[in-house]
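Enquirer: Build the full structure now, drawing on both the sequences and the hints.
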Amino acid sequence: QKEVEQNSGPLSVPEGAIASLNCTYSDRVSQSFFWYRQYSGKSPELIMSIYSNGDKEDGRFTAQLNKASQYVSLLIRDSQPSDSATYLCAVKGGNKLVFGAGTILRVKS
Amino acid sequence: KAGVTQTPRYLIKTRGQQVTLSCSPISGHRSVSWYQQTPGQGLQFLFEYFSETQRNKGNFPGRFSGRQFSNSRSEMNVSTLELGDSALYLCASSNPGGTYEQYFGPGTRLTVT
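Listed in order, the protein sequences are those of chains R and E.
So in our numbering the end of the first sequence lands on 109, straight run, no missing numbers.
So in our numbering the end of the second sequence lands on 113, straight run, no missing numbers.
To be clear, the hints were calculated from the coordinates, so they are not data collected in a lab.
Glycine included, each C-beta is placed from N, C-alpha and C at the ideal position.
Be a bit skeptical, because a hint or two may be false.
[What the hints assert, rightly or not] Cut-off 35 Å, straight-line C-alpha distance, at most; resulting in silico cross-link-like pairs (DSBU-like, lysine-lysine):
| hint | chain 1 | residue 1 | chain 2 | residue 2 |
| --- | --- | --- | --- | --- |
| 1 | R | K2 | E | K57 |
| 2 | R | K2 | R | K92 |
| 3 | R | K2 | R | K56 |
| 4 | R | K92 | R | K108 |
| 5 | R | K108 | R | K56 |
| 6 | R | K108 | R | K67 |
| 7 | R | K92 | R | K67 |
| 8 | E | K13 | E | K57 |
| 9 | R | K42 | E | K57 |
| 10 | R | K56 | R | K42 |
| 11 | E | K13 | R | K42 |
| 12 | R | K56 | E | K13 |
| 13 | R | K67 | E | K13 |
| 14 | E | K57 | R | K108 |
| 15 | R | K42 | R | K92 |
| 16 | R | K67 | R | K2 |
| 17 | R | K92 | E | K13 |
| 18 | R | K92 | E | K57 |
| 19 | R | K67 | R | K42 |
[Claimed, not checked] From chain R, some residues computed to sit far from chain E (all C-beta separations above 10 Å):
| hint | residue |
| --- | --- |
| 20 | N7 |
| 21 | A17 |
| 22 | V29 |
| 23 | S32 |
| 24 | K42 |
| 25 | E45 |
| 26 | L46 |
| 27 | S49 |
| 28 | R60 |
| 29 | F61 |
| 30 | Q64 |
| 31 | D78 |
| 32 | V98 |
| 33 | S109 |
Expert: Written as structure tokens, this is what we have:
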């Protein structure tokens, strides 16, 4: 079992819809969780971090964390074509981040 | 604040050669982590340096090494290059003790022929 799992996609949503990206992790003691966005040919960009159970909102992005279910999600409201990218989930384990393989999101105009 | 910088941005080497990549973290950040990204394996952790000491190491062969200087700048070295070392090498800086948010540089694209 991989430490951090994501559906590779692609996830296709129409412009203006809500995109829902999911991530599960195996290490129960993990305390810090991150979402990165990576455009093709670019480096990952940190867009959200979450440390406690519940929801955390930042603009059009909402991160959700459920430690009991070992589940992290990212919701993107009012999706735009510019949101088309690969979204990487990362979990802090020890002194390193463990990344999932990423979910490709395509927003169709 | 200036972001993380990496040099060079692109590199072409021949199998068997060695290469050194450089990373300058965000001002005030003392931790530098290195990652290898390939289409097949995704983002793989190489090692992390903090205060000139390697704190953590990923599952890579000894051909991959690194160091950190007193100004927090870091270098990684790959000796005896293999075709499979072709990848995007990313460094990320963070300020440990806080949130552990990591910020990535633009990466160095290494091609081994």
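Enquirer: Compare the structure with each hint and give your call.
Expert: Now for the hints, and whether the structure bears them out:
| no. | hint | result |
| --- | --- | --- |
| 1 | R:K2 x E:K57 | holds, 18 Å |
| 2 | R:K2 x R:K92 | holds, 14 Å |
| 3 | R:K2 x R:K56 | holds, 26 Å |
| 4 | R:K92 x R:K108 | holds, 33 Å |
| 5 | R:K108 x R:K56 | holds, 26 Å |
| 6 | R:K108 x R:K67 | holds, 33 Å |
| 7 | R:K92 x R:K67 | holds, 13 Å |
| 8 | E:K13 x E:K57 | holds, 25 Å |
| 9 | R:K42 x E:K57 | holds, 25 Å |
| 10 | R:K56 x R:K42 | holds, 26 Å |
| 11 | E:K13 x R:K42 | holds, 21 Å |
| 12 | R:K56 x E:K13 | violated, 45 Å |
| 13 | R:K67 x E:K13 | violated, 45 Å |
| 14 | E:K57 x R:K108 | violated, 41 Å |
| 15 | R:K42 x R:K92 | holds, 22 Å |
| 16 | R:K67 x R:K2 | holds, 17 Å |
| 17 | R:K92 x E:K13 | holds, 33 Å |
| 18 | R:K92 x E:K57 | holds, 14 Å |
| 19 | R:K67 x R:K42 | holds, 31 Å |
| 20 | N7 | holds, 14 Å |
| 21 | A17 | holds, 27 Å |
| 22 | V29 | holds, 14 Å |
| 23 | S32 | violated, 5 Å |
| 24 | K42 | violated, 7 Å |
| 25 | E45 | violated, 7 Å |
| 26 | L46 | violated, 6 Å |
| 27 | S49 | violated, 6 Å |
| 28 | R60 | holds, 20 Å |
| 29 | F61 | holds, 15 Å |
| 30 | Q64 | holds, 18 Å |
| 31 | D78 | holds, 25 Å |
| 32 | V98 | violated, 7 Å |
| 33 | S109 | holds, 27 Å |
In this structure, the earlier hints numbered 12, 13, 14, 23, 24, 25, 26, 27, 32 are contradicted, and the remaining ones agree with it.
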